[in-house]
Amino acid sequence: MAAGTLEHTPTAAAEPSRRRTMTLNMGPQHPSTHGVLRVVLDLDGEVILKAVADIGFLHTGIEKQCETKTWQQVVPLTDRVDYLSNLANNLAYCLAVERLLQLEIPPRAQYLRVMLTELSRIASHLVWLGTHALDIGAMSMFMYCFREREDILKILEMFSGQRMMTSYLRIGGVALDAPRGWEKVVGKFLSEFPSRIDMYENLLTGNPIWTIRTKGVGYMSLEDLLDWGVTGPMIRAAGLKWDIRKDEPYSGYDKFDFEVPTRTESDVFARYQVRIEELRQSHKIAKQALDGMPPGPFQADAPKILLPEREKMKTEMEALICHFKIVTEGFSVPAGEAYACVEAPRGELGYYVVSDGTTKPYRVHMRTPSFANLQILAPMLENTLIADSIAALGSMDFVLGDTDR
Amino acid sequence: MRVTQALEGNLPGAAVGGKLDRGELTIDIDPARIVEVCRALKADGYLRLAAVTCVDQYPMEPRFEVIYHLHSISRNERLRLKCRVSGTQPEIDSVIGVWRGADWFEREVFDLFGVHFRNHGNMTRILMPEDWEGHPLRKDFPVHGYKYSYPQE
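Taken in order, these protein sequences are the chains called Y and U.
Going by our numbering, 150 is the number at position 150 of the first sequence; the sequence numbering is gapless.
Going by our numbering, 1098 is the number at position 98 of the second sequence; the sequence numbering is gapless.
Wrong hints could be hidden among the right ones.
[As the list claims (entries may be wrong)] Derived Cβ-Cβ restraints for the label pairs, each shown as a range:
1. Met1123/U - Glu201/Y: 24 to 34 Å
2. Glu309/Y - Pro1012/U: 42 to 52 Å
3. Thr1004/U - Arg147/Y: 53 to 63 Å
4. Met1123/U - Thr21/Y: 35 to 45 Å
5. Ser221/Y - Thr1004/U: 30 to 40 Å
6. His30/Y - Glu1091/U: 36 to 46 Å
7. His1116/U - Arg180/Y: 38 to 48 Å
[Claimed, not checked] In silico DSSO-like links for lysine-lysine, alpha-carbon gap of 30 Å or less:
8. Lys287/Y - Lys184/Y
9. Lys1139/U - Lys69/Y
10. Lys241/Y - Lys64/Y
11. Lys246/Y - Lys1139/U
12. Lys287/Y - Lys246/Y
13. Lys325/Y - Lys284/Y
14. Lys1042/U - Lys241/Y
15. Lys1019/U - Lys360/Y
16. Lys1139/U - Lys64/Y
17. Lys1082/U - Lys69/Y
18. Lys64/Y - Lys1019/U
19. Lys50/Y - Lys64/Y
20. Lys69/Y - Lys287/Y
21. Lys255/Y - Lys69/Y
22. Lys64/Y - Lys1082/U
23. Lys1042/U - Lys304/Y
24. Lys325/Y - Lys1042/U
25. Lys314/Y - Lys241/Y
26. Lys304/Y - Lys287/Y
27. Lys360/Y - Lys154/Y
28. Lys1082/U - Lys246/Y
29. Lys188/Y - Lys69/Y
30. Lys241/Y - Lys304/Y
31. Lys154/Y - Lys50/Y
32. Lys1042/U - Lys360/Y
33. Lys69/Y - Lys1042/U
34. Lys360/Y - Lys1139/U
35. Lys246/Y - Lys1042/U
36. Lys314/Y - Lys360/Y
37. Lys1139/U - Lys255/Y
[As the list claims (entries may be wrong)] With the C-beta cut set under 7 Å, the calculated list includes, among others, these residues of chain Y facing chain U:
38. Gly56
39. His59
40. Arg99
Think of the hints as simulated: they come from the structure by calculation, not from any bench.
It should be emphasised that the depicted structure is a prediction, and the values quoted were computed from it without experimental measurement.
Where a beta carbon is used, it is the ideal one built from N, C-alpha and C, also for glycine.
Work out the full structure, taking the sequences as your base and the hints as a guide.
This is how it looks when you write it as structure tokens:
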């Protein structure tokens, strides 16, 4: 056979009757969908013509369950929403309820909240970095990232007794005071971590394979991202300098010195750079919280909302009554509605809480960042190559528990 | 408040009530005029639609409160719009023409509350299975008892 006959003849390719598309079902069990996401792709060869996301496989009705629990019992449920950054979920819910209660949070509790939320942001970004690099083919990153994440999970276990589902926050403060020897453990991790970020950057930032696979891939304009309601590192990688920690400070973030990293390219590589820089900024915030940790109470002075100390409960009658009331029926929250949002690792995480004045929430709505961000999957993937879709999906950094609730 | 005055000046009668509670501004909007209100507010600087959700006030009538959380990045302001929709035929116009990001939020409200958004284009279930009966976040949805969600062999 002559070599020339193997070539594609242009006349055959141009004929419309020969153009055939293929429907490819990706997921719900696919390693690069990071959970149970199903995407139906219409392909013309290697090019994606249409992408439709099918979500809901992880829907567990958390919002409905919240309506049957007392206010405090909802906190462990919020852990399960975004299981990679559960402290941000705890925090957003507690802030919303504390606004309804008009509670004043003592500085030590705020610093503990900030420090652990930033550590869990680092852990969440490390999971993203490891799996994203693994999708694109950089296998070793995964192990390095999970090594550091393990250190953070040990710190969380030290504070709360749990590695992932910490439920460490309470309405009005935190569950426990910092354990003995915590400064040493957190300090050791924070002193080592900057060199680890340098190592990740050595492995990826200048790596020609990494840059070819990520630069110019998954582009979306800032106007489109705003229109679709996208938040977090994705919109900062498109040039919008907006971070809720900076613009609407909560939990004492106005006392911390940090930068909001932005890029303008709005591609996979820019999102990677923004998140790497966020690792450094989170490290900076956690270091400031460690150095400036104020002494004092770790819970608000609200005996009808927070459980009394064990010793007081056994010796004082008022404390015993409060303990009994809180345990048996919970506490009531004044009627009203509140929306509190925090900057979670994936973007704006907002809790809209409605109270009818009883001991259980009337309605809890979670405005989760993954749900809003995942909407741009279809416009982002259309007319791109299927191999690039893996990089683009990874750069969105969604958690399906966060999407489906 | 500046935004309520602007709204009353541009679209008189669209706002039917409101309150400023614990630092959060809520404006009650006539459900028939939600699209023009949203368009005016977007032109006024509320570029972001943070979320659309719903509250079921069963057995009160009008039963459903459709809630829109708006955010202006330039002015650093948040605003909540509230539309009261009847329980007998819950329907409201979709704001997908103003913000495309309303797409999944409105589908979620339809899925979990059964409020129909007109002119949405793809008003299908998003979280629950396609053949699910009822809308689980309604207050009268049973939370006890047995139900086979899949047909028996």
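Now the hints, each set against the structure:
1. Met1123/U - Glu201/Y: 24 to 34 Å: Roughly 46 Å apart at Cβ, these two residues miss the hinted range, so it is violated.
2. Glu309/Y - Pro1012/U: 42 to 52 Å: For proline 1012/U against glutamate 309/Y, whose Cβ atoms are near 58 Å apart, the range 42 to 52 Å is violated.
3. Thr1004/U - Arg147/Y: 53 to 63 Å: Cβ of threonine 1004/U to Cβ of arginine 147/Y: about 54 Å, so the range 53 to 63 Å holds.
4. Met1123/U - Thr21/Y: 35 to 45 Å: Given about 26 Å between the Cβ atoms, the range is violated.
5. Ser221/Y - Thr1004/U: 30 to 40 Å: For serine 221/Y and threonine 1004/U the Cβ distance comes to about 33 Å; the hint holds.
6. His30/Y - Glu1091/U: 36 to 46 Å: Cβ of histidine 30/Y to Cβ of glutamate 1091/U: about 38 Å, so the range 36 to 46 Å holds.
7. His1116/U - Arg180/Y: 38 to 48 Å: Roughly 58 Å apart at Cβ, these two residues miss the hinted range, so it is violated.
8. Lys287/Y - Lys184/Y: holds, 12 Å
9. Lys1139/U - Lys69/Y: Since the Cα atoms of lysine 1139/U and lysine 69/Y sit roughly 15 Å apart, the hinted pair holds (cutoff 30 Å).
10. Lys241/Y - Lys64/Y: violated, 35 Å
11. Lys246/Y - Lys1139/U: Given that 30 Å is the threshold and the Cα spacing comes to 38 Å, the pair is violated.
12. Lys287/Y - Lys246/Y: holds, 17 Å
13. Lys325/Y - Lys284/Y: violated, 42 Å
14. Lys1042/U - Lys241/Y: holds, 20 Å
15. Lys1019/U - Lys360/Y: holds, 23 Å
16. Lys1139/U - Lys64/Y: It holds: about 9 Å lies between the C-alpha atoms, which stays within 30 Å.
17. Lys1082/U - Lys69/Y: Holds, because 26 Å separates the two Cα atoms, which is no more than 30 Å.
18. Lys64/Y - Lys1019/U: It holds: about 27 Å lies between the C-alpha atoms, which stays within 30 Å.
19. Lys50/Y - Lys64/Y: The hint is violated at about 34 Å.
20. Lys69/Y - Lys287/Y: violated, 36 Å
21. Lys255/Y - Lys69/Y: violated, 34 Å
22. Lys64/Y - Lys1082/U: holds, 21 Å
23. Lys1042/U - Lys304/Y: The hint is violated at about 43 Å.
24. Lys325/Y - Lys1042/U: Violated: lysine 325/Y and lysine 1042/U sit about 47 Å apart, past 30 Å.
25. Lys314/Y - Lys241/Y: Given pair lysine 314/Y, lysine 241/Y is violated - Cα atoms ~52 Å apart, limit 30 Å.
26. Lys304/Y - Lys287/Y: violated, 34 Å
27. Lys360/Y - Lys154/Y: Cα-Cα ~33 Å, so violated.
28. Lys1082/U - Lys246/Y: Distance ~28 Å between lysine 1082/U and lysine 246/Y Cα, so the pair holds.
29. Lys188/Y - Lys69/Y: Not OK: lysine 188/Y and lysine 69/Y at ~39 Å, beyond 30 Å, violated.
30. Lys241/Y - Lys304/Y: violated, 41 Å
31. Lys154/Y - Lys50/Y: Violated: lysine 154/Y and lysine 50/Y sit about 43 Å apart, past 30 Å.
32. Lys1042/U - Lys360/Y: violated, 35 Å
33. Lys69/Y - Lys1042/U: violated, 37 Å
34. Lys360/Y - Lys1139/U: holds, 14 Å
35. Lys246/Y - Lys1042/U: Distance ~23 Å between lysine 246/Y and lysine 1042/U Cα, so the pair holds.
36. Lys314/Y - Lys360/Y: holds, 27 Å
37. Lys1139/U - Lys255/Y: violated, 42 Å
38. Gly56: With a closest approach of 4 Å, the glycine 56/Y hint holds.
39. His59: This interface hint holds because 4 Å falls under the 7 Å limit.
40. Arg99: This hint holds: arginine 99/Y lies near chain U, its Cβ roughly 6 Å from the closest one there, short of 7 Å.
In summary, the structure is inconsistent with hints 1, 2, 4, 7, 10, 11, 13, 19, 20, 21, 23, 24, 25, 26, 27, 29, 30, 31, 32, 33, 37 from the numbered list given earlier, while agreeing with the others.
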